[in-house]
Amino acid sequence: MAEEKQTGRWGMVIDLDVCTGCNACVTACAMENNIPWTGEEDAGYGRGMHWIRVQRYWEGEYPDISPHYQPVMCQQCGRAPCEPVCPVFATVHSEEQQINLQVYNRCIGTRYCANNCPYIARSFNWFDYSQQIPTPMNYYLNPNVTVRRRGVMEKCTFCVQRIYEGQERAKAEGRAVRDGEIVPACAQACPTDAIIFGDLSDPDSRVSKAARNQRRYTLLEELGTEPKVTYLKGEGTYGG
Amino acid sequence: MAVEAKSLSTPIHGVDDEEAELREQLMFDPRPREELNRMVMESMVHTTPRYWAVVAFLAVVVLVCLFGAWGYMIATGIGLAGVRKPVYWGVFIVTFVFWIGISHAGTFVSAILRVFKAEFRRPFTRAAELMTTFGLAAGALYPLIHLGRVWVFYWMIPYPNARWLWPNFRSPLVWDFLAITTYLLSSTIYLYLPLIPDLAMARDRTKGWRHAVYKALALGWRGTEAEWARLRKAITIFAFAIIPVMFSVHTIVSWDFAVSQTPVWNSTIFGPYFIVGAILSGVSAVVTILVILRATLKHMDYFIRKEHLDALGKLLLVFSMAWAYFFFNDYLVSWYGGYEAVRKVLFFHSSGPDAWIWWSMIVFNVVIPWLTLWNRRIRRTPWVMLIITLLINVGMYFERYTIVPMTLAHQRFPFDWGTYVPRIEIIISIGTLALFILLYMLASRFIPMVPVWEVREGQEAHMIRQIGKARVPTVSELE
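These protein sequences, in sequence, are chains A and B.
At position 168 of the first sequence the residue is numbered 168 (my numbering), and the sequence of numbers has no breaks.
At position 132 of the second sequence the residue is numbered 1132 (my numbering), and the sequence of numbers has no breaks.
If you are wondering where the hints come from, they were derived from the structure by calculation, not from laboratory data.
Built from N, CA and C at the ideal position, the CB exists for glycine as well.
A portion of the hints provided could be inaccurate.
[To be verified] Derived pair list, reagent style EDC-like, types lysine to aspartate or glutamate, alpha-carbon separation capped at 20 Å:
(1) K1344/B with E221/A
(2) K1344/B with E222/A
(3) K233/A with E59/A
[To be verified] A partial selection of chain A residues facing chain B, derived with a Cβ cut-off under 7 Å:
(4) G46
(5) V85
(6) C86
(7) P87
(8) F89
(9) R111
(10) A114
(11) N116
(12) F127
(13) R150
[What the hints assert, rightly or not] So these bits of chain B aren't anywhere near chain A, every CB distance computed over 12 Å:
(14) R1033
(15) E1035
(16) P1049
(17) A1118
(18) I1196
(19) R1210
(20) G1223
(21) A1239
(22) F1240
(23) F1347
(24) S1360
(25) M1463
Using the sequences plus the hints, can you model the full thing?
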């Protein structure tokens, strides 16, 4: 796979300065990745399944409050805490895309990975939610993504099916993957273009340039997890 | 030796009291060998309608609460439990750690006290070893119960398979699996070895199905000098060998937490802290069971005396202090570290919605033992000891509850904070409690609850000697 090696490290930059907290990324992600809805009761209890969520924090006292939004998904750690703790190698590092993937068929549901994830990015199938989809609605399911059964863990894959599709298309046309050709669902849906996705190993790609911005930071940097997702400080810190 | 037992006692009541206490602990009122055998045999075959009623009730509870509820959960989904994001581990893991802790009792009382020749251990080593085996049987169910897909649990076992995959030996869960199976195996052998002469004793005094079973289990024991020599050697080897196994088991259980990145879990002191907690909880459970056995099993008041509860009560006080020391050490250093996420969790423990659990833990594990167990009269009153030891075990359960769900509930991102409410976990936990009691009750009518030969050995070996003006209990060298 030498020709695919050059399209090395996929990464993401999220510009919090332009994020409006509209949750379009959450919806798009759910539709793209067949993420089931868990129902009112379970979601209310804290079992809502999202691969990406918009964390919302308030600053100040009412009525002078300002909201802070931060979309958080699996940070695709270079040194992922979830990987060594799985007893059956269900959460593994992909050599090719340098991202962290979940093998649903191998997962036995110890949920240790989710406990050890400092970003709480993982969702568990507590019940057979995907079997509860009423009949006409099952046509919305994306055929490119596995429908998970109960008892397995799942999480953001950087839309690995889209990465594969883009790589295959480029390979068929005998060229390298163009910058911006592969777009995960969240980035595609973002109305303010706050989510930038691309190849971090290419220094000229849009995502690489954005990741070198002086406003850059990564989540919980002190843990040394080497996340592939970079955030750009917002909230007017740098005049935004 | 006897000197060990003496050093544990408080010399405030004068020499005569002390001597009387030792006389009781070492059972200086020997009865003829045949009478001892008869007493143990009678305690084993004697059943009342009330006994069978309790057994039937427990069997129903096990069927409904353990197998019924678990089966329903397998058919429906682990979501029947109260676990949620971010509290992915709940009461299942709490109860798992609790039972593994209980299982430390047998090894501690039997192996460590045997190695240190604490002579008062003799009449109740068997009772403690049985707790190890049944505690492990109850505890080892939980890693299965809590799995999302229990039907593929064997993927954790290293076996040749079509996927060409080993389990991930970097995962503490695999260490857990190996440690628990090792401990279950070795503790069962360790229970069995000292049982052989007693089984042979039972074989010679029974008829019918009991005779057939005991005959098979006694492995043709005749009691020759060579057999005794081999048995003593085997027991000594196992007593020494099982101690590191015991330490490894709860250390590895603690590593499930300590090797993770989770604030408060990630603590270097968790290994010894868990072991001390396990021994505190295990020895408490031994006292609980001894009090119950004494009241319900025939002739047990001869074998288990108030002085034994007294000696164990002193041990409990020491271990309660040791637990408090480790708890304080862990807490202080974590808090002093000043990491914001850790402080938030610790603050949540003592002031969150479940703070009563944390405070009850302090009261049951520290305040109550420290206020009561120093008192000789309290240590010698069985029903008070029953209450104290039950409370200590409740406190230890709360300790694990604090460590598992209450810590997970308050992780680094405030956006994901959430509280956990157990649901079906409670029913299944009651089910395993019933399983433990049921197994123990059935075993008490099948396995000689008192190691007769060990008691007799002690009675023959000890005597009071006059050395100068002092009267000293001594032990002749048997082992």
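Hint check:
1. K1344/B with E221/A: Judged against 20 Å, a Cα distance of about 19 Å means the pair holds.
2. K1344/B with E222/A: holds, 17 Å
3. K233/A with E59/A: Distance ~16 Å between K233/A and E59/A Cα, so the pair holds.
4. G46: The hint holds - G46/A has a Cβ within 7 Å of chain B, the shortest such distance being about 4 Å.
5. V85: Holds, because the Cβ-Cβ distance from V85/A to chain B comes to roughly 5 Å (cut-off 7 Å).
6. C86: For C86/A, the interface hint holds, since the closest Cβ of chain B sits about 6 Å away, which is under 7 Å.
7. P87: For P87/A, the interface hint holds, since the closest Cβ of chain B sits about 4 Å away, which is under 7 Å.
8. F89: holds, 5 Å
9. R111: holds, 4 Å
10. A114: With a closest approach of 5 Å, the A114/A hint holds.
11. N116: holds, 5 Å
12. F127: holds, 4 Å
13. R150: Hint holds; R150/A Cβ to chain B Cβ min 5 Å, cut 7 Å.
14. R1033: Answer for R1033/B: holds, closest chain A Cβ roughly 52 Å.
15. E1035: The claim stands: E1035/B keeps its Cβ more than 12 Å from every Cβ of chain A (closest is about 54 Å).
16. P1049: Since the minimum Cβ distance to chain A is about 45 Å, P1049/B lies beyond 12 Å and the statement holds.
17. A1118: holds, 39 Å
18. I1196: holds, 37 Å
19. R1210: holds, 42 Å
20. G1223: holds, 47 Å
21. A1239: holds, 32 Å
22. F1240: holds, 31 Å
23. F1347: holds, 19 Å
24. S1360: Per Cβ check, S1360/B is outside 12 Å of chain A; nearest 25 Å; holds.
25. M1463: Per Cβ check, M1463/B is outside 12 Å of chain A; nearest 56 Å; holds.
Hint compliance for this structure: no hint is broken.
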